[in-house]
Amino acid sequence: MSLVAASRSELTKQFTTSLWWVLALILVLYVGFTTALLGLTFAGVSTGRLPGSSGPPIPIDGLAALVYSTATSVGYVFPLLIGTLMVTAEFRHKTLTATFLAVPRRGLVLGAKFAVGILLGLLYGAIGIAAAVGAGAGSLAAFGVDTALGSADTWALFARMLLAYVLWVLVGIGVGTAVRNQVAAIVIVLAVTLFVEPIARTVAGFVDGIDQVTRWLPSAASDALVGQTIFTAMSATGGEQPAWWVGGLVLLGYAVVLLLVGQLSTWRRDVN
Amino acid sequence: MPDGQVLQFAELTKRFGAVSAVDGLTARVAPGQVTGFLGPNGAGKTTSLRMLLGLVRPTSGTATIGGRAYADLEHPLQTVGAALEASSFHPGRSAANHLAILAQAAGLPSRRIDEVLGLVGLADVAGRRIGGFSLGMRQRLGLAAALLGDPGVLVLDEPTNGLDPEGIRWMRSLLRSLADEGRTVLVSSHLLAEVQQTVDALLIISAGRLVFQGDIDALADPDEYATIVDAPDRDALLHLLDERGIGYQVLRNGVTVRHSEPAELGALAAGAGIALSSLQRKGASLEEIFLDLVSGARVHPSAAGDGPVAAPAEDAAAPEATAPDVAPARADWAAPDAATVETPPTPASEEQR
Chain A
1 MSLVAASRSE
11 LTKQFTTSLW
21 WVLALILVLY
31 VGFTTALLGL
41 TFAGVSTGRL
51 PGSSGPPIPI
61 DGLAALVYST
71 ATSVGYVFPL
81 LIGTLMVTAE
91 FRHKTLTATF
101 LAVPRRGLVL
111 GAKFAVGILL
121 GLLYGAIGIA
131 AAVGAGAGSL
141 AAFGVDTALG
151 SADTWALFAR
161 MLLAYVLWVL
171 VGIGVGTAVR
181 NQVAAIVIVL
191 AVTLFVEPIA
201 RTVAGFVDGI
211 DQVTRWLPSA
221 ASDALVGQTI
231 FTAMSATGGE
241 QPAWWVGGLV
251 LLGYAVVLLL
261 VGQLSTWRRD
271 VN
Chain B
1001 MPDGQVLQFA
1011 ELTKRFGAVS
1021 AVDGLTARVA
1031 PGQVTGFLGP
1041 NGAGKTTSLR
1051 MLLGLVRPTS
1061 GTATIGGRAY
1071 ADLEHPLQTV
1081 GAALEASSFH
1091 PGRSAANHLA
1101 ILAQAAGLPS
1111 RRIDEVLGLV
1121 GLADVAGRRI
1131 GGFSLGMRQR
1141 LGLAAALLGD
1151 PGVLVLDEPT
1161 NGLDPEGIRW
1171 MRSLLRSLAD
1181 EGRTVLVSSH
1191 LLAEVQQTVD
1201 ALLIISAGRL
1211 VFQGDIDALA
1221 DPDEYATIVD
1231 APDRDALLHL
1241 LDERGIGYQV
1251 LRNGVTVRHS
1261 EPAELGALAA
1271 GAGIALSSLQ
1281 RKGASLEEIF
1291 LDLVSGARVH
1301 PSAAGDGPVA
1311 APAEDAAAPE
1321 ATAPDVAPAR
1331 ADWAAPDAAT
1341 VETPPTPASE
1351 EQR
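First to last, the sequence lines map onto chains A and B. Here this note's numbering is used: the first residue of the first sequence is 1, the next is one more, and so on. Here this note's numbering is used: the first residue of the second sequence is 1001, the next is one more, and so on.
Mixed in with the good hints there might be a few duds.
[As the list claims (entries may be wrong)] Not everything, but these chain A residues come out facing chain B in the computed CB check (under 10 Å):
| id | residue |
| --- | --- |
| 1 | 11 |
| 2 | 13 |
| 3 | 18 |
| 4 | 19 |
| 5 | 96 |
| 6 | 100 |
These are calculated hints, taken from the structure and not from any lab test. All residues carry an ideal CB built from backbone N, CA and C; glycine is no exception.
Take the sequences, apply the hints, and build the full model.
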């Protein structure tokens, strides 16, 4: 009974149900489709080849980064869900009994989930980035816009995106541990990512002062970590965002606080 | 094979709000025998077992395995194998993968997976999703998980639920052979009849409290016996008994006379010239004693709880006195209990002959 053994067991858990590849498939389709659409639109508008475009001019410079980062700015809900389900599935199917019988030191179980969460974050990050690059570079190239794949900045962006995926899985583990009920956790995740945060951040784009708060929201922190994203581009009027590493630390902070809350509450409870 | 360990419950208590699910349970489970853990539904059996396994935190008291709490075991699955309920599997996972997860966590070689699946008769469905398993197959898989680490202690919660008669017989012989190897086997059930043929010792709880602990032989009160007598001319027989002031009850299978030997009644009838059609001795029915213990109508000294924790049950059970409150409880013996009187002789009553 060690962290290594517990992590191996945890890893097997993730890859012995169909959830992982179903989510990976949806991630590829979702990110690929969105990126292709954005890539075609932006490339068309900025090159002036898309007729009837009325929006603000989008500079061709940095367009590639903007398109690629869709994998995190839109796709972050996937690592968040994966992390959440890593924990809530154990409550949902009552497998926590078997888990705790094999590893009665509960902190060790959480540690193993954390370790495997990092691996899953890297895996899904790679898949998400690959989908975004495949669809994004294709649509940019269609308009003759530079795909910037030879640029070191682009690869630094990919590295930050991978980190964001890892951190989002950890936040998800925190959410799952703190909430425990699978349906409730999924509803909370979807409500926050699809409604609460986008609305708050959109409002912050128009109302002064609110952005002082909204820039510390998890998704805003994630965008700050990644850099150029569609949301930061749209709220260009907003003040400067925190440095990338500050964004990363804020996201990590969410993960740690949620994990601590879970560890001190639900994780210690009786397992029935 | 790891040694069987002594399981010790010491003043174990679990309260949910104002309700005591388990109340001051003190008991000892010895290795080398099958111990039945009996009580009606809701008596606190599962909660007690979950506390023993570190899944539920006791309000007070302790439950230990060989003197250690479950969470402190170096190699939990190699020490204790537990099968708690037949529903705690991910339906999308295969049986073999379910066991692989446990084997990896415990550092067990993967060949153990095939071994235990073969042992419980699930080798053919190792790769099938558990979601398609019947209750009986889930019970077998739960048992396979318990046996995975070849543990010296087995804790099984209602293991025969959902098994067909053949499966139940198989389970009984398996438990017997595991105990004969020196392992500690604790099996819960809400039916005495289900474990009666298998167990050597019993723990009976009711409403969270221990009501009996000891060998199954000690459950039957040796003072408690009766003779069933009947005659073609039953009126004459009853008249004779009335005349002699001997109490009796007329049941479906004859006239039951408590605390009296067949020889006495036979001689009596012969003296009065009454021909008998039946004369037989009968020990108390274990099922009846079990129900009385559970309902509180009968109190067994082994459940006093004041004695030393590890007091051997035999000692506690020996100086048995027929509790004075047994008699009134028996007053309403007639109708509903008529069926239990019919039960075939139990091992305990056979011994008394």
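Hints and how they fare:
no. : hint : in the structure
1   : 11   : 8 Å, holds
2   : 13   : 5 Å, holds
3   : 18   : 6 Å, holds
4   : 19   : 8 Å, holds
5   : 96   : 8 Å, holds
6   : 100  : 6 Å, holds
In summary, this structure violates none of the numbered hints.
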